[in-house]
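What follows is each chain in one-letter form.
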Amino acid sequence: MDDYLIGVLSNIGVISFLALSAYLLLLTGEISFGQQAFFAIGGYAAGIATALWGWSLTAALLWGAATGAAAAVLVGVPTLRLHGLYFAIATLAFAEMMRILFELFHYQISIDGEWVGPDGSDGFRNIRYIFENDVGPVQFLALIYGLLAAAVGGFMLLERSRLGVAFRMIGEDEVLAEMHGVAVARHKVLAAGLAGAIAGIGGGLYAHMTTYVEPRIFDVMLGVHSLAYGLIGGLGTAFGPLLGVLIDIGVLESIRTFAGFRMIIFGGLVAALLIFRPRGLLDECVVHRIAGAWLRVWGWILRSASRPAGGGR
Amino acid sequence: MIDFAQNTIDGIMIGSSYGLLALGFTLIFGVMRRLNLSFGPSIMVGAYLGTLLYLNFAAGPIAVAAVTVLGAVLAGIYVERLCFAPMAAGAGIASMVSSFAIWMQLEQAAILLLPRHTYPFPSLTTGAPLTLGPFQLRADHLIMLACALGLSAGLQLLLYRSRFGLALRAIIGNPVAAHLVGINVRTAVLGAFAVASAIGGIAGYLVLATDQQITPMFGMWATIKGLIAMMIGGLGSIPGAILGGLVLGCLEAHSQSYFGPQIRDLSAYILLFVCLVLRPGGLLGEAPTRETIDRRRA
Amino acid sequence: MTGAGGIRLFSALAMAVCFAGALRAAEVRAKVDVACQPTGKPLQYDCTIRLLNARSNEPLTDVALTVGADMPSMPLAHNVRPVKTTVGAAPGMHEVRIELEMLGDWALRIDLTGKVRDRVIKVLRFEQDRVGPATALANPPSQHKH
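Chains as they are written, first to last, in the numbering used here: chain A, -16 to 296; chain B, 43 to 340; chain C, 48 to 193.
Note that these hints are calculated values from the structure, not bench results. These numbers were taken from a predicted model, which means no experiment stands behind them. Certain hints may be false.
[Claimed, not checked] Just a few of them, taken from the derived set where beta-carbon distance is under 10 Å, the chain C residues facing chain A: (1) Arg76; (2) Val81; (3) Gly87; (4) Asp93; (5) Thr95; (6) Leu99; (7) Glu105; (8) Val110; (9) Thr113; (10) Ser120; (11) Pro129; (12) Lys162; (13) Arg164; (14) Asp165.
[Stated by the list, open to error] Subject to a maximum C-alpha distance of 16 Å in a straight line, what follows is the list of computed EDC-like cross-link-like pairs (lysine to aspartate or glutamate): (15) C:Lys88 <-> C:Asp109; (16) C:Lys78 <-> C:Glu148; (17) C:Lys131 <-> C:Glu174; (18) C:Lys88 <-> C:Asp158; (19) C:Lys162 <-> C:Asp109; (20) C:Lys162 <-> A:Glu97; (21) C:Lys162 <-> C:Asp93; (22) C:Lys78 <-> A:Asp(-15); (23) C:Lys131 <-> C:Glu105; (24) C:Lys131 <-> C:Glu146; (25) C:Lys88 <-> C:Asp176; (26) C:Lys162 <-> A:Asp(-15); (27) C:Lys131 <-> A:Asp(-15); (28) C:Lys131 <-> C:Asp158; (29) C:Lys131 <-> C:Glu142; (30) C:Lys131 <-> A:Asp(-14); (31) C:Lys88 <-> C:Glu148; (32) C:Lys78 <-> A:Glu97.
Just so it is clear, CB atoms sit at the ideal spot from N, CA and C, and this is done for glycine as well.
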């Protein structure tokens, strides 16, 4: 495969984690401008784990997910009673706080006579695990998409489970959910923690993919983008945010010839799309229709299969 | 002690520009119940047009200010037409994301207009700062403060003493009822956008004339500062917007002078976060009720 | 800070639980110097890259290079398609012409393949008439400098 294509596909895969993270909160009805903070925390934590402490990549990614989740729960508890714009701005404030703290964060140790580790606003270079352990770009791509498939599979199970129903109920109407016996507070903190873990894994992958992170990467732009993916692709299914990422990066790549006008075209396309489909391409209606059609097709297959093989009346 | 007082003075002066940005924000939010992330970038487009005029024709401060405000209003109307007017009720998040997409667009347009990272912006006044005992007062800062107080009073008058204001207040109260009693909601909302953008344009002009330079970061800067000041002061409150701006300005001036720029930004976000958690309604706003946060309206 | 402060606290415990992943052999590591200048055409720059063996400080040869670029403030939206370098006159020297999308800070991503596989990141500020070191702090949301 072409190196460039691998690079683009890796980007799409990694950023999908962030989009899924924002999407999970959108399911519970909350807009977060701050998921990039957990992406950053996961990235720094996992990078420190392999580059400074010599951990394996698996352990480092789990550690990134754990720190992302822990941080998300810590933010989730005080912001529990905030909604809508208030919640969105609180998460924005938290994410910017984290970004500035990473600018002030110095933790370097000397490895083979070279200083390695986060160096404030100069960033954290030389997260060289994939080069030290000869993980090729295709292998790393497979790792990204393996984990992404696991995450999407988790979402599919979630949508069918009581937990998923509870999340969507809270998203529709919190008071009604509470009256139906859903422990709203506990579910919201759980959703925040899960979203933090997903973002943390994505961050860990990102840090190892690029070998380098710096605080500026994790600014508001990244957060709003990740939120936008769900809305562009659709809020009906976990494939929505993935479609959003694909559209964003895919369309941006394919209109390269327009160079300086790319953002103008792309911004206009997104705005136009949202006028016609305010809940994205794969919104609940479309998903419902697809599911219905699928059930009909499936039922037809089952019926024709159960007919006697001879077929005569 | 003198340092402390001087910092406070500087903070109030700069805070008044934050207050102006918050004023524009709060007017849009009050009327629409939707967040316009493109508020800062549309001001920036105006300011870039002003800069272009200054660079090519050596235009004077009044012409630059006029073009900045006019450009901001036009960009604001463009945002309203594209991101807010065509959106159905209940599509508040879509409006917000759409305004973010237009933010990207406006930023790129500004960069196409003037590609360098930094451009000079004409200053409003020349000459040494006024000295009052041990304190220094910059003339452009005083103009900023005067504008903040004047415009907020003017906006208050507009809202409570004019037919246009009456219509806006009716829409803020209940858009459906306002429509039923014969108020042209669409026109009034467009008017509110234009007024808010004009206030933002004035704020942007004053800040840039004080800094004497402009970068493509200005759009994001204006959106973020306006948003923080609005939330601290209280959503939808005019005195709250100004107060929030002043509080933010003072906090930033002090933390900047004692700890440097990183801690200055950090303390602003900590204040915002703590304020939202402990007092979501802000200093002067009402605490959010289910009605104001209902996503179906937002 | 929640993430990083805790990291140190837990490090001792975690080190005991987990195992050393990477065996750091005496591998070759690259040191890279990059110098760029504008070509005269807007947004086009010529870069000269010098590759050294980080340990012996000798020129590093038999390595193919590609140079891509990302904008740190928008890592995915603004990036430059990686370009292969041409080998320069002296050993370890490479030359490449890159075209950016806008002026500002760019993180050059220099990928080494061949004898040594590695990736080196260099953050530079590209301006119309010159290229200098990027100063992360000079990236001003700090509009007000007193």
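We went through each hint and held it up to the structure:
Given hint, Arg76 (chain C) at the interface with chain A, holds; its Cβ is 8 Å from that chain's nearest Cβ, closer than 10 Å. About 14 Å separates the beta-carbon of Val81 (chain C) from the nearest beta-carbon of chain A, more than 10 Å, and the hint is not met. A least Cβ separation of about 18 Å between Gly87 (chain C) and chain A goes past the 10 Å threshold, and the interface hint is therefore violated. The interface hint given for Asp93 (chain C) is broken, as the beta carbon of that residue sits about 19 Å from the closest beta carbon of chain A, more than 10 Å.
Using the Cβ-Cβ criterion of 10 Å, the hint placing Thr95 (chain C) at the interface with chain A is not satisfied: the shortest such distance is roughly 21 Å. Proximity of Leu99 (chain C) to chain A is violated relative to the hint, the smallest CB-CB distance being about 14 Å (cut-off 10 Å). A hinted interface residue such as Glu105 (chain C) counts as satisfied when its beta carbon comes closer than 10 Å to some beta carbon of chain A; here the least separation is about 17 Å, so the hint is violated. Hint status for Val110 (chain C) relative to chain A: violated, with the closest Cβ pair at about 13 Å, above 10 Å.
Hint on Thr113 (chain C) holds. Least Cβ distance to chain A is approximately 7 Å, under the 10 Å limit. Because the closest C-beta pair between Ser120 (chain C) and chain A is about 5 Å apart, less than 10 Å, the hint holds. The restraint placing Pro129 (chain C) at the interface with chain A holds, with a minimum CB-CB distance near 6 Å, inside the 10 Å limit. For Lys162 (chain C), the shortest C-beta to C-beta distance to chain A is roughly 13 Å, which exceeds 10 Å, and the interface hint is violated.
With a cut of 10 Å, the hint placing Arg164 (chain C) at the interface with chain A holds, because the nearest CB-to-CB distance is about 6 Å. With its C-beta approaching chain A no nearer than about 5 Å, Asp165 (chain C) sits inside the 10 Å limit, and its interface hint holds. For the suggested pair Lys88 (chain C) and Asp109 (chain C), the alpha carbons sit about 32 Å apart, so the restraint of at most 16 Å is broken. A distance of roughly 27 Å separates the Cα atoms of Lys78 (chain C) and Glu148 (chain C); the hinted pair therefore is violated under the 16 Å criterion.
Distance restraint check for Lys131 (chain C) and Glu174 (chain C): the Cα-Cα separation of roughly 23 Å exceeds the 16 Å cut-off, and the hinted pair is therefore not satisfied. Proximity of Lys88 (chain C) to Asp158 (chain C) is assessed by CA-CA distance (about 26 Å); at most 16 Å being required, the pair is judged violated. With a C-alpha separation of about 6 Å, the suggested pair Lys162 (chain C) and Asp109 (chain C) falls inside the 16 Å cut-off, and the hint holds. About 22 Å separates the Cα atoms of Lys162 (chain C) and Glu97 (chain A), which puts this hinted pair outside 16 Å; it is violated.
Restraint check for Lys162 (chain C) and Asp93 (chain C): the C-alpha separation of about 25 Å exceeds 16 Å, so the hint is violated. Taken as a hint, the Lys78 (chain C) and Asp(-15) (chain A) pair is broken in the structure, with Cα atoms around 26 Å apart against an allowance of 16 Å. Restraint check: the Cα-Cα separation between Lys131 (chain C) and Glu105 (chain C) comes to about 22 Å, which exceeds 16 Å; the hinted pair is violated. The suggested pairing of Lys131 (chain C) with Glu146 (chain C) holds, with an alpha-carbon distance near 13 Å, which does not exceed 16 Å.
Of the pairs offered as hints, the one joining Lys88 (chain C) and Asp176 (chain C) holds, with about 10 Å between alpha carbons and a cut-off of 16 Å not exceeded. A threshold of 16 Å between alpha carbons decides the hint, and for Lys162 (chain C) with Asp(-15) (chain A) the separation of about 20 Å lies outside it, so the pair is violated. Distance hint between Lys131 (chain C) and Asp(-15) (chain A) is fulfilled; the C-alpha atoms sit about 13 Å from each other, no more than 16 Å. For the suggested pair Lys131 (chain C) and Asp158 (chain C), the alpha carbons sit about 9 Å apart, so the restraint of at most 16 Å is met.
With a CA separation close to 9 Å, the supplied pair Lys131 (chain C) and Glu142 (chain C) stays within the 16 Å bound. Taking the CA atoms of Lys131 (chain C) and Asp(-14) (chain A), the gap is about 11 Å. The hint holds against a cut of 16 Å. Restraint check: the Cα-Cα separation between Lys88 (chain C) and Glu148 (chain C) comes to about 13 Å, which is no more than 16 Å; the hinted pair holds. Proximity of Lys78 (chain C) to Glu97 (chain A) is assessed by CA-CA distance (about 12 Å); at most 16 Å being required, the pair is judged to hold.
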